[in-house]
Amino acid sequence: MKNSEIGRIWHWQITAIVGVVLFIVLLLGVSFGPISLDFQQIIRTLLGLSGGLQDEEKALFLQLRLPRVLLAALVGAALATSGAVYQTVFRNPLADPYLLGAAAGAGLGATIALAGGRSSFYAALPLFAFIGAALAVAATFVISGRSYADPAMLLLSGIAIGSFATAVQTYLQQRNSEVLRPVYSWILGQLTVADWQVVKWASFYIILALSVLIRMSRQLDGLLLSDEEAFSLGISPNKVRIIAIGAATLATATAVSASGLIGFVGIVVPHLVRGITKRATNRALFTVALFGAAFLVLADLGARTLLSPAELPIGVITAFVGAPFLLFVLRAKRVLK
Amino acid sequence: MITIKNLSLRYGDFYALNQITLDIPRGSWSCLVGPNGAGKTTFLKTMLGNKPYDGSISIDGIEVYKNLRNVAFVPQRPEIPAGMNVAEYVMLGRARLDGWGRDSNSSRKYAMEILEEMQLVAMRRQLVTQLSGGEMQRVLIARALVQEAELMILDEPTSALDLHHQISTLDHIERAQKNGTTIVSTMHDITLGAMYAERIIIMQQGRVLLDGQAREVIHSQELKMAFDDGITIHTLENGRPVIVANKATASL
Amino acid sequence: MFKSHLRAVTFAILAIVFASVLVSPAQAAGTKYPLTIKFGDYTTKLVKKPTRIISLSPSATEIFYAIGAKSQILAVDSLSNYPTGAPISKISAYEPNVEAILQLKPDLVLLSSDSVKAPQIRSALIKLGVAVLMEKAPATLNDVYAENTALGKVTDRASGAAKLNASMAKSIKNILLKAKTSIKVRIFHELDETYYSATSNTFIGKVYKDFGAINVADAALGADSSGYPQLSAEYLLKSDPQVVFLADAQYGTTIESVSKRAGWPQMSAVVAQKIVALPADIPSRWGPRLVDFYKLIGSTLGTVTN
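Chains as they are written, first to last, in my numbering: chain H, 1 to 337; chain W, 1 to 252; chain U, 1 to 306.
Keep in mind that the hints were calculated from the coordinates and are not lab data.
Glycine included, every Cβ here is placed at the ideal spot set by N, Cα and C.
Possibly wrong hints are sitting among the right ones.
[What the hints assert, rightly or not] Rough simulated footprint, nothing fancy, chain W against chain H, three-plus residues with beta-carbon under 8 angstroms: (1) 216 to 224; (2) 243 to 254.
[To be verified] Just a sample of chain H residues kept apart from chain W, beta carbon distances all over 12 angstroms, derived: (3) Ser4; (4) Val21; (5) Leu46; (6) Leu135; (7) Met153; (8) Trp201.
[To be verified] In silico SDA-like cross-links for lysine to any residue, where the CA-CA straight-line distance does not exceed 25 angstroms: (9) U:Lys127 / H:Glu57; (10) U:Lys117 / H:Lys278; (11) U:Lys105 / H:Leu37; (12) U:Lys136 / H:Lys58; (13) U:Lys136 / H:Leu306; (14) U:Lys117 / H:Gln13; (15) U:Lys105 / H:Leu62; (16) H:Lys58 / U:Lys127; (17) U:Lys38 / U:Ser112; (18) H:Lys58 / H:Leu306; (19) H:Lys278 / W:Gln126; (20) U:Lys117 / H:Leu62; (21) U:Lys295 / U:Thr140; (22) U:Lys170 / U:Tyr195; (23) U:Lys209 / H:Ser177; (24) U:Lys127 / H:Ala124; (25) U:Lys238 / H:Arg175; (26) W:Lys109 / H:Gln13; (27) H:Lys278 / W:Ser104; (28) U:Lys127 / U:Lys209; (29) H:Lys278 / W:Lys66.
Turn these sequences into a full structure, and let the hints steer you where they fit.
This is the structure:
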């Protein structure tokens, strides 16, 4: 028994288990759907061996299933990790990645894109949603003035910006009523037609943002202490907050522009990981990312199969799972105190 | 080491710190004493450099404002995080030295040594929210000690500890001082402070009334003045001073 | 003697051929495949004649059947209830599921550009080897004829399409002639109980306009870019429509309930009992039954005495 040094602080076994779960879920995700594919053939196709999927099934797998499942994993990881980081920065277990007006800004961007009328606007919807989310968060910082690094102030500013963006969106919807249905669909979140192009740029930004956040996990832990304590440990609290919020917003905005507004992932997954490990520090971020990926791939599987051939909006599934879960967490406050 | 010139901190018309000028030599242990509201905690926190101030505080010639030096800080009222255990909490003190990356083996060894010295090994996997006041205070000092900092700032570091732990903890800090660390602390128990600190700084209403060698400051008029003549200084046979507060009515 | 008979017979044959060529409707040539056709904003490429068509638009379904392509239809969307007997599936026209479509192995999918993620669904289907014809909701009557023609060309039923266009045009023309469009009747087309309406900028609005009717919603032409503004109750009463068409009758609004609304009993339409409960599909489809819609409006407007 090694008593001469502090043992490993993080339960790496849990991370490994979550990783395995993710792999299994990914496999389930690519094989189930209105058209079922065989596990063995899928693996053979991936490894480039003979005896894999053929023709239409192969095309379906490579062009539709695989990008969709990968996108679900990326978006799930992005939202869960951003949620965990926001919960640290705002020291609030109910914080979610849409807090600083990102959701409302993205919704406004999407509405502008759809109301633009020309089909070229429609194709640029992800870009508009991304810019909307980013601008909303930036506006939150701007109107916070000199208290730009004060979590309480940012929260209030975020509410103000979010309300304003929603109001503008509602006005635009009233003036362009044909936009109502598509915007509503988008708000509920959908991964329906993901292609490799979306996966490419989404993975670039999301992996970049998550790498930054995971690299910062010790400094993020410092934010759990008072500002003076953090400073004495070598952490500049304001700088860390801004970089953390920036990276988390990048991940969130990318996720939202790729898949619409999928709620509850950012709140529920960090709590689930906390419940399993009984710890709430930022060493968990990588595990949270893996867990979030698995969570959303499963939810997307449900969206695809529960009401087949109709598709349930994925936001409905995460809400169905997330809402009662949240109630459960709030009652079992042991983990938090 | 620390040069303070005309340090002031204002909140509107209220001066929390008022024109403080003094020097703190490297490797010394200075103890701030004074009544509640004198500004001792404010002074300590200002020395960290996190918040703006008027005047100058410099360490080896470099202004401390927003200067992230290796300073160990033991607050009087820490922000106790949820979901973190003692081992992780103490290792936060080594995070900077490990480059904010994975815990190095040397860090883990050193932290274990400190935990053993402070008799905290048994509770290293407990959440910090489950600790008693005294245990929390010792954990705070353990975190400060693992930082191997050149300056330690301690705000009431032993207020929740029993007599035995008070002495053992202060002994640890003294050992750090012998290794070259400069110590600045506040202590309500002036007797205890005088046992360890060789310099005493008397504060009242944001000002420094007197600072200098403990032997001299203890027996000064300024000390009595700071407490409105409410204290009496006795001296034991071995020369140690004991400072006692005066009770209003005659004792039995 | 024989020579004159021969000449007569030749002349008769020539005459018959000539006449039949003149009289028969524009006999469109059979479609040649592979076919590239541009319809709306999109181009469709077909390798051969499509025999496994999935129609994801109730209007298009009606058109396919009307032009005689019944045998080529594999499946239709969940709302394509006309004609009865069409192979209804559970696939939604508005939110089509690509995999469900692929499962049926179609060779042509008719997709509505109003569906969610229509461009992406089109790309995905094309990438997987299925031809897609993108349908855009028509803005004018000519657009409807153009869609009939396009669908005819694509399914090699060009003659059926031409016949449909001709009969539709003729019927509508007759209805309009009979309707005495010189009389300007004030109408209100109600979309829901909160007085959302359709202006003359919409397809439905243009149908009313063909009858020379005055659409009271036109006062709010600029309010909504797609042409469906919400009118205020006061304005509605003030404009005093002579005929009210209830497009929300399918959702439960009845003539009785409407007549009892505040201020409505004095409205000309209520007094003259000229409130029409529109049947469910007719006002929202632009296939062959568009003629029925014209007929319904014409018969109602024709009974209004100014």
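Going down the list of hints, with the structure as the test:
1. Against chain W, the stretch 216 to 224 of chain H contributes 6 residues with a C-beta closer than 8 angstroms to a partner C-beta. That satisfies the three-residue criterion, and the hint holds.
2. With 0 residues having a beta carbon nearer than 8 angstroms to a beta carbon of chain W, the stretch 243 to 254 of chain H misses the requirement of three or more and the stated coverage is violated.
3. At roughly 6 angstroms from the closest C-beta of chain W, the C-beta of Ser4 (chain H) falls inside 12 angstroms, breaking its exclusion from the interface.
4. At the 12 angstroms boundary, the C-beta of Val21 (chain H) stays outside the reach of chain W, the nearest C-beta of that chain being 22 angstroms off.
5. Distance check on Leu46 (chain H): its Cβ is at least 32 angstroms (rounded) from any Cβ of chain W, clearing the 12 angstroms threshold; non-interface status holds.
6. The beta carbon of Leu135 (chain H) is kept farther than 12 angstroms from every beta carbon of chain W, the shortest such distance being approximately 29 angstroms.
7. The claim that Met153 (chain H) is not at the interface with chain W holds, since no C-beta of that chain comes within 12 angstroms of its own (minimum 16 angstroms).
8. Separation of Trp201 (chain H) from chain W is adequate, the least Cβ-Cβ distance of about 29 angstroms exceeding the 12 angstroms criterion.
9. Of the pairs offered as hints, the one joining Lys127 (chain U) and Glu57 (chain H) holds, with about 13 angstroms between alpha carbons and a cut-off of 25 angstroms not exceeded.
10. At most 25 angstroms may separate the alpha-carbon atoms for a hinted pair to count; Lys117 (chain U) and Lys278 (chain H) exceed this at roughly 42 angstroms.
11. At most 25 angstroms may separate the alpha-carbon atoms for a hinted pair to count; Lys105 (chain U) and Leu37 (chain H) meet this at roughly 16 angstroms.
12. For the suggested pair Lys136 (chain U) and Lys58 (chain H), the alpha carbons sit about 32 angstroms apart, so the restraint of at most 25 angstroms is broken.
13. Restraint check for Lys136 (chain U) and Leu306 (chain H): not satisfied, since their Cα atoms lie roughly 31 angstroms apart, outside the 25 angstroms limit.
14. A hinted pair counts as satisfied when its Cα atoms are at most 25 angstroms apart, and Lys117 (chain U) with Gln13 (chain H) does not qualify at roughly 42 angstroms.
15. Restraint check for Lys105 (chain U) and Leu62 (chain H): satisfied, since their Cα atoms lie roughly 17 angstroms apart, inside the 25 angstroms limit.
16. The suggested pairing of Lys58 (chain H) with Lys127 (chain U) holds, with an alpha-carbon distance near 12 angstroms, which does not exceed 25 angstroms.
17. About 15 angstroms separates the Cα atoms of Lys38 (chain U) and Ser112 (chain U), which keeps this hinted pair within 25 angstroms; it holds.
18. Between Lys58 (chain H) and Leu306 (chain H), the direct Cα distance comes to roughly 24 angstroms. Compliance with the 25 angstroms bound is thereby established for this hinted pair.
19. Between the alpha carbons of Lys278 (chain H) and Gln126 (chain W) the distance comes to roughly 11 angstroms, so the proposed pair stays at or under 25 angstroms and holds.
20. Restraint check: the Cα-Cα separation between Lys117 (chain U) and Leu62 (chain H) comes to about 20 angstroms, which is no more than 25 angstroms; the hinted pair holds.
21. Straight-line distance between C-alpha atoms of Lys295 (chain U) and Thr140 (chain U) comes to about 18 angstroms, which keeps the hinted pair within the 25 angstroms bound.
22. Note on Lys170 (chain U) and Tyr195 (chain U): the hinted pairing is violated, with a Cα-Cα distance of about 34 angstroms set against a maximum of 25 angstroms.
23. With a C-alpha separation of about 22 angstroms, the suggested pair Lys209 (chain U) and Ser177 (chain H) falls inside the 25 angstroms cut-off, and the hint holds.
24. This hinted pair checks out: Lys127 (chain U) and Ala124 (chain H) have alpha carbons roughly 21 angstroms apart, not beyond 25 angstroms.
25. For a cut-off of 25 angstroms, the pair hint linking Lys238 (chain U) to Arg175 (chain H) stands: about 23 angstroms separates their Cα positions.
26. Of the pairs offered as hints, the one joining Lys109 (chain W) and Gln13 (chain H) holds, with about 22 angstroms between alpha carbons and a cut-off of 25 angstroms not exceeded.
27. Proposed proximity of Lys278 (chain H) and Ser104 (chain W) is supported: the alpha carbons are some 24 angstroms apart, at most 25 angstroms.
28. Between the alpha carbons of Lys127 (chain U) and Lys209 (chain U) the distance comes to roughly 43 angstroms, so the proposed pair goes past 25 angstroms and is violated.
29. For the given pair, Lys278 (chain H) sits about 35 angstroms from Lys66 (chain W) by alpha-carbon distance, which is inconsistent with the 25 angstroms threshold.
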